[in-house]
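**Q** Residues per chain, in single letters:
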Amino acid sequence: MQRKLWMVLALLLLVPGLMLFTSCAQQSAVDQDTTQKTTPPADTGSTTGSDDLQADAAKRAAEQAMNQFINEHIYFDFDSAALSAMAQATLKNKAAWLNANPGVMVTIEGHCDERGTNEYNLALGERRAMSAQAYLVDLGISASRLSTISYGEERPLDNRSTEEAWAKNRRGQFKLK
Amino acid sequence: MVSVRRSILSPFLMLVVLLSATPASAVDEFIEINPFLKKIPLAIPAFKPLSEGALALETSDEAVQLMAETLQFTGYFNILDKGAYLEDPRASGITDASINYRNWTVIGAELLITGGVRRTDEAVEMELRLFDTFKGQSVIGKRYRGSPKDTRRIVRKFASEVVFFLTGNQGYFNSEIAFVSTGTGNKEIYIAEFDGRNPAQFTRTKNITLSPAWSPDAQWLAYTAYPKNRPFLYIKHRHHKRGYEIGNKGLNITPAWLPQANPSASLDDMRLAATLSFTGDQEIYLLTGKGKIIKRLTKSWGSDVSPTWSPDGKKFAFVSNRSGNPHIYVKDLDSGRVDRLTFQGRYNTQPSWSPKGDKLAYAGMEGSRNDIFVIGFSGRPPVQLTRDAGNNESPCWSPDGSMIVFSSNREGRSRIYVMTAFGTDQRRLLTLPGEQTNPQWSPNKHLN
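So the sequences go chain by chain: A and B. Okay, so the first sequence: first residue is 51 according to our numbering, each after it adds one. Okay, so the second sequence: first residue is 36 according to our numbering, each after it adds one.
Just to be clear, a hint being listed does not mean it is correct.
To be verified - Here are the simulated lysine-lysine pairs, BS3-like style, with alpha carbons at most 27 Å apart: (1) B/K350 to B/K263; (2) B/K480 to A/K225; (3) A/K227 to B/K284; (4) B/K241 to A/K225; (5) A/K227 to B/K263; (6) B/K366 to A/K225; (7) B/K366 to A/K218; (8) B/K334 to A/K227; (9) B/K366 to B/K334.
Stated by the list, open to error - Cβ-to-Cβ under 8 Å is the rule here; a few derived chain A residues that face chain B: (10) E169; (11) L172; (12) L207; (13) D208; (14) N209.
Claimed, not checked - Output of the computed footprint for chain A on chain B, the stretches with three or more beta carbons under 8 Å from beta carbons of chain A: (15) 101-110; (16) 130-138; (17) 154-166; (18) 241-253; (19) 295-308; (20) 430-439.
By construction, these hints were calculated from the structure, which means they are not laboratory data. Positions of the beta carbon are idealized from the N, C-alpha and C atoms, including for glycine.
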């Protein structure tokens, strides 16, 4: 039992690494198998334990994972649609969750801060959403599950005109369809 | 007539003399003189009721006030203080024979407008005259008849005559300004008269609505809206509930109508450029007035947005990030050639081609703020029109090219402002609940 737990933990650590280094085509199959076995939240129906507590915990964990998927945004530099190392790490987590939840369809929203002008920001927002989409596709997520939309500077999370607010508003946001 | 034109031109003549003494390199280009710097002193004494009764007096007072406001708006005139007037045409008369021109030249007036108003319950009749006080002669005399609600239309028609006499251009007194306002909690398009009067909500998308663009006949508005939670283009009639939806995958944004030589062209015959991204790349396309794609106009990886046509329709300027930052480029449709126009700054967007064709206005960002710039096509650096006054965006020319409308948050919330094409006489056009942005000046319809 102890040994099995270690294996599970090892796999959990391995999965993101695998996604980083192997090619996409083979990748998706491998990822899906491993994550379904190793991530309890994705897999409430086939958990080994049968008591309510364990099921509840699994459900809570699944909810938590989903909330994290929805609430964790990726952030961009001013007038840039390039993915930072941090944005890439966040997208890897999102890919893992998407692999664990194969039925889910997602809309990626691209947003900008208020400093540029509306029209160009609509275009920039779309490029941000598209770079996130392309990255997830590279990680093996089917493009058919991912749509994009740009809101430009029209839907800020923080209405203030400060560096901090601008940084918060230059984001990619993920919505379940 | 000649003397008035000369009085406007005199600063121009002076500058030419001055320039001839400077090195040749400084005079190798056409120097344009700001006609708004030396304002023409204009007297507009009270209009004279030509019929009995309170109505005639009331209409006289209303009309003279409107006349002063309308001509003041143009920036060409310095309307002289009524307290300085030595003569009262209400008493002495409004015609050439009864005017003592010395009484006007002595207080500095170069132009004089007199008015007479006849008024019944059903009709208003106005006699309006423009005098050149130095020459001592009448230069325009007109009689108008209409229903009582036509007072403003009559005043604007005569004001158009005055402006035409001075500039050779009809002005914009029968134009409108479309803009975006957040008063309802959503961005919706509103339309006001050119001077900000009578603003009214035009769209009810209950979502984001942006980038209004007037068709050349001012009968249609194209804009981007999200009623289906997607950035689609809409083409809606100004007065009827007719319209078309352009809903390609991705962006459908920044519409710009191709100038139209034939004023009675149908929507099918009209053309507009817009940015679409259904291929995964944001490019500018040429569409019919109903949104059918005719052809792609740009080809470059990255963003190509915000087209604006040259008045002859042979070129268009647009924003592209092909050099890394957003800058303004010009494409010549005949040669296919694309030239970068802006080199100053790192963020230049929202180009608007002037109706005379010789300049572009645009918003350029320095630090975190935009300001309005104007640039020609000779390679000379741009001229900055707004400065140290908040964030200034979305410049758009008046149909005669004499003014620029834009948005600014210099007084707190974003409002619509106007200024002359040279950046002088900056003032707020209107104040509504919420914030106002994205102004677009309509073509001038002929007043009849």
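**Q** Give a verdict on every hint.
**A** Structure-based check of each hint:
1. At most 27 Å may separate the alpha-carbon atoms for a hinted pair to count; B/K350 and B/K263 exceed this at roughly 33 Å.
2. For a cut-off of 27 Å, the pair hint linking B/K480 to A/K225 is broken: about 47 Å separates their Cα positions.
3. Under the criterion of a C-alpha separation no larger than 27 Å, the hint pairing A/K227 with B/K284 is consistent with the structure, at around 17 Å.
4. A distance of roughly 21 Å separates the Cα atoms of B/K241 and A/K225; the hinted pair therefore holds under the 27 Å criterion.
5. A C-alpha spacing of about 14 Å is found between A/K227 and B/K263, which places the hinted pair at or below 27 Å, so the restraint holds.
6. About 39 Å separates the Cα atoms of B/K366 and A/K225, which puts this hinted pair outside 27 Å; it is violated.
7. Taking the CA atoms of B/K366 and A/K218, the gap is near 36 Å; set against the 27 Å cutoff, the hint is violated.
8. Between the alpha carbons of B/K334 and A/K227 the distance comes to roughly 33 Å, so the proposed pair goes past 27 Å and is violated.
9. Our distance criterion of 27 Å between C-alpha atoms is met by B/K366 and B/K334, whose separation comes to about 11 Å.
10. With its C-beta approaching chain B no nearer than about 5 Å, A/E169 sits inside the 8 Å limit, and its interface hint holds.
11. The beta carbon of A/L172 comes within 5 Å of a beta carbon in chain B, closer than 8 Å, and the hint placing it at the interface holds.
12. At a threshold of 8 Å, the smallest CB-CB gap from A/L207 to chain B is about 16 Å, leaving the interface hint violated.
13. A least Cβ separation of about 15 Å between A/D208 and chain B goes past the 8 Å threshold, and the interface hint is therefore violated.
14. Proximity of A/N209 to chain B is violated relative to the hint, the smallest CB-CB distance being about 11 Å (cut-off 8 Å).
15. Against chain A, the stretch 101-110 of chain B contributes 0 residues with a C-beta closer than 8 Å to a partner C-beta. That does not satisfy the three-residue criterion, and the hint is violated.
16. With 0 residues having a beta carbon nearer than 8 Å to a beta carbon of chain A, the stretch 130-138 of chain B misses the requirement of three or more and the stated coverage is violated.
17. Beta-carbon proximity to chain A at under 8 Å applies to 0 residues in the stretch 154-166 of chain B; the threshold of 3 is not reached and the given coverage is violated.
18. Proximity of the stretch 241-253 of chain B to chain A, defined as three or more residues with a beta carbon under 8 Å from a beta carbon of that chain, is established by the 3 residues found.
19. Under a criterion of three residues with beta carbons nearer than 8 Å to beta carbons of chain A, the stated coverage of the stretch 295-308 of chain B fails, only 0 such residues being counted.
20. Coverage of the stretch 430-439 of chain B by chain A is violated. Counting CB-CB distances below 8 Å, 0 residues qualify, and the rule asks for three or more.
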